[in-house]
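S.K.: Single-letter residue listing:
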Amino acid sequence: MKIIQSIDISKRYVMGTEIIDALKSVSISVNKGEYVAFMGPSGSGKSTLMNIIGCLDTPTSGTYILNNKDVSDMTENELAAIRNKEIGFVFQTFNLLPRMSSLENVALPLIYAGYSKADRTEKAMLALKNVGLETRAHHKPNELSGGQRQRVAVARALVNDPSILLADEPTGNLDTKTSYEIMDLFDQLYTKGNTIVMVTHEEDIAHYAHRIIRLRDGLVESDKVNPNPKKSGQLI
Amino acid sequence: MKYNFVEISPAGKVRITRNKLIVGMLNKPSFNQNAYGEFLGTLLRFSGKNIFSRKITILDIEGNKVLGEIRFENWNTKVTIDYLGKSYPGELSGESGKWQVADSELGISFESPGLTQTDTFFEQNDMNPAMVLATLYVRGFYKMNRMMVIGAGVLIASVVIGIYLISS
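So the sequences go chain by chain: Y and L.
Residues 1 to 236 in our numbering are what the first sequence spells out, letter by letter.
Residues 237 to 404 in our numbering are what the second sequence spells out, letter by letter.
Because the hints were derived from the structure by calculation, they are not lab data.
Here the structure is a predicted model, which is why all the values come from computation and not from measurement.
Mixed in with the good hints there might be a few duds.
[Unchecked claim] Pairs of lysine-lysine, DSBU-like flavour, derived with a Cα cap of 35 Å:
id : chain 1 : residue 1 : chain 2 : residue 2
1  : L       : 291       : Y       : 117
2  : Y       : 85        : L       : 291
3  : Y       : 85        : Y       : 129
4  : Y       : 24        : Y       : 224
5  : Y       : 129       : Y       : 230
6  : L       : 301       : Y       : 123
7  : Y       : 24        : L       : 256
8  : Y       : 192       : Y       : 231
9  : Y       : 231       : L       : 256
10 : Y       : 69        : L       : 285
11 : L       : 314       : Y       : 117
12 : L       : 238       : Y       : 32
13 : Y       : 140       : L       : 334
14 : L       : 285       : Y       : 85
15 : Y       : 69        : L       : 301
16 : L       : 379       : L       : 301
17 : Y       : 2         : Y       : 129
18 : L       : 256       : Y       : 192
19 : L       : 238       : L       : 322
20 : Y       : 85        : L       : 334
21 : Y       : 129       : L       : 256
22 : L       : 249       : Y       : 85
23 : Y       : 129       : L       : 301
24 : L       : 238       : Y       : 230
25 : Y       : 24        : Y       : 2
26 : Y       : 230       : L       : 256
27 : Y       : 224       : L       : 256
28 : L       : 301       : Y       : 2
29 : Y       : 140       : L       : 238
30 : Y       : 2         : L       : 256
31 : Y       : 140       : L       : 322
32 : L       : 291       : Y       : 140
33 : Y       : 123       : L       : 291
34 : L       : 322       : Y       : 123
35 : L       : 285       : L       : 314
36 : Y       : 85        : L       : 238
37 : L       : 249       : Y       : 117
38 : L       : 322       : Y       : 85
All chains, please: the whole structure from these sequences, using the hints.
M.R.: Here is the structure:
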């Protein structure tokens, strides 16, 4: 089942007299349960494509279907609702609230979703268990390591059961060892059936994904299944 | 962490990016107090009864659950933002129209770009992303208010000059 389907997506920016074609007729699809890495140099169009996939921007032309919904012509209000329901974002910075425990940080999106306190606690605890941090539920961010903080951020992104986990340079703020730890977690989430789309400029990190899409000059340069995805701590 | 801030419309339509990736936005139509915004995965809605309203309700993105409110005080130069049971004071900081909102419990504050800064950056570290959004909303609200006052001033001046010219 296709979760992401982009058909001939183009994005054009007009900056004064200059016209920039950030994406030129890009067609890709991602199936439910896939683990994909987007790679590409600066100016390749990967950020633009991520913005469109994350429903944060709309294409100039082409069609984008997310979980069977054509989102290319949706209003900004409708896009906000889609983002809230369908996409869990993991950013380079962890963005945890310092005075709240891991459990409270993870439960935060559930407050917006209208869950009762008991349901919030149960769901947040389950999400923490999924990332192996149930024993750190009552610790505050400053009592956690960098890797543990990013795990909490991943749990928070997953707590609303989104269709896709969208990760922007998820290891960008972590040392090598901790980066491998997070990639190990992504692998576990993939094994559990989560769909993961990750943007990275690190070749080493991209090789944890099971499919690597490379962009260059607004076009898909290559789209290949990774026959030997890396496992935790392995070097390529 | 530094974020790029681009104002798309003067009333407060804003886009926030980091390394070209969109990480936030505030969509506030002109001459309307209603807006929605998001920053680093926090999605909120702001709602005011009318353009003269000095009390803005903060809601979840579906618009169902009230999470807090923004109260403008002291001729719109101060605000109090109540959010999830905590109170954040804010004030206009200097002539450039920057707004500063504090989290006194953590001893930190967030400062919005000034009113004339349309393509700049801001710093955000531990400040609650919801407060960043609320501060940017306050900035847009204040800017719209100033534009209305200036517009009204120009209109009154035109009428006075017109009457003077006709009568003389």
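S.K.: Compare the structure with each hint and give your call.
M.R.: Against the structure, the hints come out as follows:
1. L:291 - Y:117: holds (28 Å)
2. Y:85 - L:291: holds (29 Å)
3. Y:85 - Y:129: Holds: residue 85 (chain Y) and residue 129 (chain Y) sit about 21 Å apart, inside 35 Å.
4. Y:24 - Y:224: holds (19 Å)
5. Y:129 - Y:230: Holds, because 24 Å separates the two Cα atoms, which is no more than 35 Å.
6. L:301 - Y:123: This hinted pair holds, its Cα atoms lying about 19 Å apart.
7. Y:24 - L:256: holds (17 Å)
8. Y:192 - Y:231: This hinted pair holds, its Cα atoms lying about 16 Å apart.
9. Y:231 - L:256: With a Cα-Cα distance of about 30 Å, the restraint between residue 231 (chain Y) and residue 256 (chain L) holds, given a limit of 35 Å.
10. Y:69 - L:285: holds (33 Å)
11. L:314 - Y:117: holds (33 Å)
12. L:238 - Y:32: Holds - the C-alpha atoms of residue 32 (chain Y) and residue 238 (chain L) are around 34 Å apart, at most 35 Å.
13. Y:140 - L:334: OK: residue 140 (chain Y) and residue 334 (chain L) at ~32 Å, within 35 Å.
14. L:285 - Y:85: holds (27 Å)
15. Y:69 - L:301: holds (26 Å)
16. L:379 - L:301: holds (27 Å)
17. Y:2 - Y:129: Holds - the C-alpha atoms of residue 129 (chain Y) and residue 2 (chain Y) are around 28 Å apart, at most 35 Å.
18. L:256 - Y:192: holds (31 Å)
19. L:238 - L:322: holds (26 Å)
20. Y:85 - L:334: holds (34 Å)
21. Y:129 - L:256: holds (33 Å)
22. L:249 - Y:85: With a Cα-Cα distance of about 23 Å, the restraint between residue 249 (chain L) and residue 85 (chain Y) holds, given a limit of 35 Å.
23. Y:129 - L:301: Between residue 129 (chain Y) and residue 301 (chain L) the Cα gap is close to 28 Å, so the pair holds against 35 Å.
24. L:238 - Y:230: Answer holds: residue 238 (chain L) to residue 230 (chain Y) is near 32 Å, not above 35 Å.
25. Y:24 - Y:2: holds (22 Å)
26. Y:230 - L:256: Holds. Residue 230 (chain Y) to residue 256 (chain L) sits at ~28 Å (cutoff 35 Å).
27. Y:224 - L:256: Judged against 35 Å, a Cα distance of about 25 Å means the pair holds.
28. L:301 - Y:2: holds (33 Å)
29. Y:140 - L:238: holds (24 Å)
30. Y:2 - L:256: Status holds; Cα separation ~27 Å.
31. Y:140 - L:322: holds (18 Å)
32. L:291 - Y:140: holds (33 Å)
33. Y:123 - L:291: Holds - the C-alpha atoms of residue 291 (chain L) and residue 123 (chain Y) are around 34 Å apart, at most 35 Å.
34. L:322 - Y:123: Given that 35 Å is the threshold and the Cα spacing comes to 24 Å, the pair holds.
35. L:285 - L:314: Holds, at roughly 20 Å.
36. Y:85 - L:238: holds (28 Å)
37. L:249 - Y:117: This hinted pair holds, its Cα atoms lying about 34 Å apart.
38. L:322 - Y:85: holds (27 Å)
In summary, this structure violates none of the numbered hints.
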